[in-house]
Amino acid sequence: MGLYPFETIEKKWQATWKEKKVFKTEEEKGNKKIFILEMFPYPSGNLHMGHVRNYTIGDVVARYHRMKSYNVLHPMGWDAFGMPAENAAIKYGVHPYEWTVKNIENMKRQLNSLGISYDWDREVATCFPDYYKWNQWLFLQFYKKGLVYKKKSKVNWCPECKTVLANEQAEEGRCWRCKSEVELKELEQWFFKITDYSDELVKDLDILRGWPQKVKVMQRNWIGLSEGVMIKFKLSEKVEGYKDDFIEVFTTRSDTLGGATFMVVSAEHPIVKNILDSKNNEELIEFLKDYEKEKIQNRFTVGVNDKKGVSLGITVVNPLTNEDIQVFASNYVLMSYGTGAVMGVPAHDARDFDFAKEKNLPIKYVIKPEDKDTCDESSVYEDEGIVVNSPHISGLKSSDAKKKIVEMFQEEKIAKFTKQIRLRDWLISRQRYWGTPIPIVYCEKCGIVPLNENDLPVILPTNVEFTGTGGSPLSNIDEFVNVKCPICGSNAKRETDTMDTFVDSSWYYLRFCDPKNETEPFSKDKAKYWMSVDQYIGGVEHAVLHLLYSRFFVKVLRDLGFLEIDEPFSNLLTQGMVLKDGEKMSKSKGNVIDPEEILATYGADTARLFILFAAPPEKDLEWSEQGVEGAHRFLSRVWRLFHDNIDIIKDTKALVLDDLTKDEVDIYKKLNKTLLKAGNDIEDKFHFNTSIAALMEFTNEFSFSLRNKKIRPELVKKIFETFTIILSVFAPHMCEEIWSEMGNNDLISSQNWPEVDTNYLEDDICVIAIQINGKLRDKIMVEKDQTEDVIEDMVMSSLRVKKFIEGKDVLKKIYVKNKIFNIVVK
RNA sequence: GCCGGGGUGGCGAAAUGGCAGACGCAACGGACUUAAAAUCCGUCGGGCAUCCCCCGUGUGGGUUCGAGUCCCACCCCCGGCACCA
977 MGLYPFETIE KKWQATWKEK KVFKTEEEKG NKKIFILEMF PYPSGNLHMG HVRNYTIGDV
1037 VARYHRMKSY NVLHPMGWDA FGMPAENAAI KYGVHPYEWT VKNIENMKRQ LNSLGISYDW
1097 DREVATCFPD YYKWNQWLFL QFYKKGLVYK KKSKVNWCPE CKTVLANEQA EEGRCWRCKS
1157 EVELKELEQW FFKITDYSDE LVKDLDILRG WPQKVKVMQR NWIGLSEGVM IKFKLSEKVE
1217 GYKDDFIEVF TTRSDTLGGA TFMVVSAEHP IVKNILDSKN NEELIEFLKD YEKEKIQNRF
1277 TVGVNDKKGV SLGITVVNPL TNEDIQVFAS NYVLMSYGTG AVMGVPAHDA RDFDFAKEKN
1337 LPIKYVIKPE DKDTCDESSV YEDEGIVVNS PHISGLKSSD AKKKIVEMFQ EEKIAKFTKQ
1397 IRLRDWLISR QRYWGTPIPI VYCEKCGIVP LNENDLPVIL PTNVEFTGTG GSPLSNIDEF
1457 VNVKCPICGS NAKRETDTMD TFVDSSWYYL RFCDPKNETE PFSKDKAKYW MSVDQYIGGV
1517 EHAVLHLLYS RFFVKVLRDL GFLEIDEPFS NLLTQGMVLK DGEKMSKSKG NVIDPEEILA
1577 TYGADTARLF ILFAAPPEKD LEWSEQGVEG AHRFLSRVWR LFHDNIDIIK DTKALVLDDL
1637 TKDEVDIYKK LNKTLLKAGN DIEDKFHFNT SIAALMEFTN EFSFSLRNKK IRPELVKKIF
1697 ETFTIILSVF APHMCEEIWS EMGNNDLISS QNWPEVDTNY LEDDICVIAI QINGKLRDKI
1757 MVEKDQTEDV IEDMVMSSLR VKKFIEGKDV LKKIYVKNKI FNIVVK
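Numbering (the working numbering), first residue to last: 977 to 1802.
Just so you know, the hints here were simulated from the structure itself, not pulled from any lab data. If you're wondering where the values come from, they're calculated on a predicted model, not measured in any experiment. Mixed in with the good hints there might be a few duds.
Calculated cross-link-like contacts (lysine-lysine; reagent style DSS-like; alpha-carbon spacing at most 30 Å) [what the hints assert, rightly or not]:
| id | residue 1 | residue 2 |
| --- | --- | --- |
| 1 | K1502 | K994 |
| 2 | K1392 | K1219 |
| 3 | K1284 | K1265 |
| 4 | K1504 | K1109 |
| 5 | K1626 | K1686 |
| 6 | K1169 | K1389 |
| 7 | K996 | K1492 |
| 8 | K1502 | K1192 |
| 9 | K988 | K1626 |
| 10 | K1802 | K1779 |
| 11 | K1389 | K1219 |
| 12 | K1500 | K1179 |
| 13 | K1563 | K1078 |
| 14 | K1460 | K1128 |
| 15 | K1793 | K1751 |
| 16 | K1271 | K1335 |
| 17 | K1009 | K1502 |
| 18 | K1161 | K1120 |
| 19 | K1120 | K1502 |
| 20 | K1161 | K988 |
| 21 | K1008 | K996 |
| 22 | K1161 | K1179 |
| 23 | K1155 | K1563 |
| 24 | K1344 | K1284 |
Let the sequences and hints guide you as you build the complete structure.
Next comes the structure, spelled out in structure tokens:
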């Protein structure tokens, strides 16, 4: 297949770009800035096709904007801390440091062999002290601000990774990395107080107009902010040992309070234990046993269980109706949300309805649809409407009733508006070695003491043994653990947990603005100039992890005075997956395509072109060897076309456009149309596939013209120049070679994007489709912009039109200028 | 169940309410060749009486001179969330 010498060409230009620092970021020129960023990879050792797609997309955007005279910041780095390095150490005895550095080296080579235009002078790797020092520094700033705390709680423990996980990292009860089942352990851990920002994290989703709806919805759901009312239900009689004389519930539907005919608390609600202590309730004991069993079985399996429950033998008073209602313990109320107790409104909540049916409890309808006179009592009605059958609030709309309820009861402190959030604070400590040491010591006298900023960095010791058996390896290194307290000088012990690697990636884009800064994580000025990231590109799998943490970081850093922006990424493109045979590539399925092999067989330009052409970037892409060959064929065709004509264009003069022949005008117009479309499609929605299709179309036509028509060398040269510049954002190596063979001494990568010659853009002839009753019947070629009368005469004199309207009445004629003429007949 | 995104040739995909299927892949026919590969030219939604006409963008309705595109109802696929009160 090797039709053009891509091996030599690609190496040659990669070396030239590197040597001449062609992609070095310039801040000085007065141009507009643009920050284009692809999610930096974990240095696993090899790029996979997902990376290739991600970085190719970003590269086209970067190259295009460079040609459009933007100051482009397009950096790359390494998310270099994390488990695989440590696992490799345990398994093969390689130090994580060596393993990681070697992997970085290889992946950097691979990225360069793809011709991605990075400014490598800004490279960062999170595992080096010059980076993680600032993790520690930021930790201390967060600490001072009261956004870091240590707490003992039940946390997600991954037995495989031997470390704890944040909530959002335990996906459906499984570890996000290794997929093993998570256990709950009671441990003391460090947290970032991300919940302090939950309101803003939700609210600001609205300003992220350049984010996919999908991602915003996922974040909104994850944060799970809901506004409702807390209502206290008085206990009819005191429960021994229970702290209050009421049970409080959270509801978003306080308008249905009148329909609350029972109350349900979680099996884990404290009052359950009190009742168990004071009364011997066989049924309850039995239920709790079952509940525990079920919980272990279904602990993390998803799905809705049958609703079970048992009466606690107590009643509370519905504050609106003053009726005594029974209280149940059940398996369907979550202790972790709201107060762990809910009011049971079977008429207007499907879950309560199920439970009421099960227990034969009264069902009282208190909401009717606004457009009906009565309630539909055949099933649950969960929508809002008009309140009926309820003291004080009957006749009110749901929204008004909610307000009235709070008004009525706030004085007695029975009801108040509140917000509930599902989001939990971010657990950031990890019992692992290969991460950023947490800059805290435990002093015998002073307790928890944060280090001083000038004691940073806390260097990760290298003389470590990796046994893989429990506990952080750091805790075994005495010279690391034993320190003096920075306050009182007494003996102290260092924190041996390290930070979640998502801390590293929460601010790396800021470091890219100022990667060599030795006195601060980044300078305010530089961050002000470059931020926010104008285009962020990566996989959707980070929708609620990395992207949420980063948003949180930016808001905190803004409040600390380091930033003036509210959001880190103004535009986000989540690219689709690369599939083979309709499935995600994976070792177990044996359907992995190694980028390295594709590069060796077809070259980088082909790989890039195929990946960009096969589907628009946001859609999944089906890998096709034949498609790759097609891309290669196209490049070969361009290569051949150029070399078939190189002799005639080599020493031509500059083009003078005044006396072009019709054939020349035709092809020159086509060039300008192609240029316009290619640029628009890149800019609009990154629809590179249609951009490339336009280039292919042009190539077909140009090749036809060169064979069958007379086009003067000056124009041929001009066309090759323009065409090659456009193509170069997709296939930079081959175009660089053609550019140089054309006799240019500069680089195509440094050219400006060509201007569209609007004098040669519009056709003066157009084709008008003639429809009769909306069906295509004929076409006519006419000069553009003629009057309707002239067109009508031509249309009506068409033989085909005559044939179709013969014997019928013409009711109406519609003319859309230069496009279509529709005749309505009967 | 809820939320989001989709259903267009054999396949990947194109189409500001105005000629459905651009571009590519596969397939088929032809040229070149002793032959093959490569390359080049052509055909390529279905039906059919093959320069004609009919049907055709998940299904059924609607709006419109005109609907893949807008509206209503439904079916199916993919992704996310899932007893969140």
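These are the hints, each one checked on the structure:
no.	hint	result
1	K1502 / K994	25 Å, holds
2	K1392 / K1219	20 Å, holds
3	K1284 / K1265	12 Å, holds
4	K1504 / K1109	22 Å, holds
5	K1626 / K1686	17 Å, holds
6	K1169 / K1389	29 Å, holds
7	K996 / K1492	21 Å, holds
8	K1502 / K1192	28 Å, holds
9	K988 / K1626	22 Å, holds
10	K1802 / K1779	14 Å, holds
11	K1389 / K1219	17 Å, holds
12	K1500 / K1179	25 Å, holds
13	K1563 / K1078	22 Å, holds
14	K1460 / K1128	25 Å, holds
15	K1793 / K1751	18 Å, holds
16	K1271 / K1335	22 Å, holds
17	K1009 / K1502	12 Å, holds
18	K1161 / K1120	28 Å, holds
19	K1120 / K1502	25 Å, holds
20	K1161 / K988	57 Å, violated
21	K1008 / K996	23 Å, holds
22	K1161 / K1179	34 Å, violated
23	K1155 / K1563	16 Å, holds
24	K1344 / K1284	29 Å, holds
This entry does not satisfy hints 20 and 22, going by the numbered hints stated previously.
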